[in-house]
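We have chain A already, so just place chain B on it with the hints.
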Amino acid sequence: GENVEQHPSTLSVQEGDSAVIKCTYSDSASNYFPWYKQELGKGPQLIIDIRSNVGEKKDQRIAVTLNKTAKHFSLHITETQPEDSAVYFCAASLIQGAQKLVFGQGTRLTINP
Amino acid sequence: SAVISQKPSRDICQRGTSLTIQCQVDSQVTMMFWYRQQPGQSLTLIATANQGSEATYESGFVIDKFPISRPNLTFSTLTVSNMSPEDSSIYLCSVGVRTMNTEAFFGQGTRLTVV
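Residue numbers (the working numbering), protein chains in the order written: chain A, 573 to 685; chain B, 10 to 124.
Read the hints as simulated data drawn from the structure, not as lab findings.
We put the beta carbon where it would ideally sit given N, CA and C, even for glycine.
Some hints could be false.
Derived list of chain B stretches under chain A, where covered just means 3 residues or more per stretch with a C-beta under 8 Å from a C-beta of chain A [what the hints assert, rightly or not]:
1. 25–33
2. 46–60
3. 95–105
The following block holds chain A by itself, in its conformation from the complex (with noise of 0.2 Å):
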């Protein structure tokens, strides 16, 4: 079955600064790959996804490149502030059945003011 590896498991950048998530995938057969934001007593919520027939895709300050042929894919977040500060998830999927995923192990960021 899937796996999907994410990496780093914590990361603080400074307020403004732009911040980096990687995740890798194990079956070539996926291709939906969700972004989620876990806030503290909250359940997780999509904040950006990305299918395999896209390169990239980019939303405001957030951002989502995949590369099917390393089958790794990122999230790139621009000018931090201090409410980016949460739990983030990637998951991975096939469209078909797009809501039963597979996600990485987390990544908690902290926005430092």
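Chain B only, in chain A's frame:
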């Protein structure tokens, strides 16, 4: 989007007892799932809750331990049976909305502590 309500939000239970967690969605959804998030860990899929039929369990999870019901398109329950301290986790309900075929929405979770 979908608004998901889980009850209870948290509970402390004695070992050997059972707890039933409810998941209510504000609209009809095609897919409902239950995930477990152990302390400081990632999310692991327990099962897919199928409307009107038995749930589909992932490897490592069995019906006797985690019985699931889904009587209609907006409601599901997960029971954690014969609990032990190792069952202490956050249990999350997730749904896929009929008109949005990829995004998965999550409830706020039920934080379970077994003592």
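Verification of the supplied hints:
Residues of the stretch 25–33 of chain B lying with their CB closer than 8 Å to a CB of chain A number 0, which falls below the three-residue condition for coverage. Three residues within the 8 Å Cβ limit are the bar, and the stretch 46–60 of chain B against chain A gives 6, so the coverage statement holds. Check on the stretch 95–105 of chain B: 4 of its residues sit with their Cβ under 8 Å from a Cβ of chain A, so the three-residue criterion for coverage holds.
Checked against the numbered hints given earlier, this structure breaks only hint 1.
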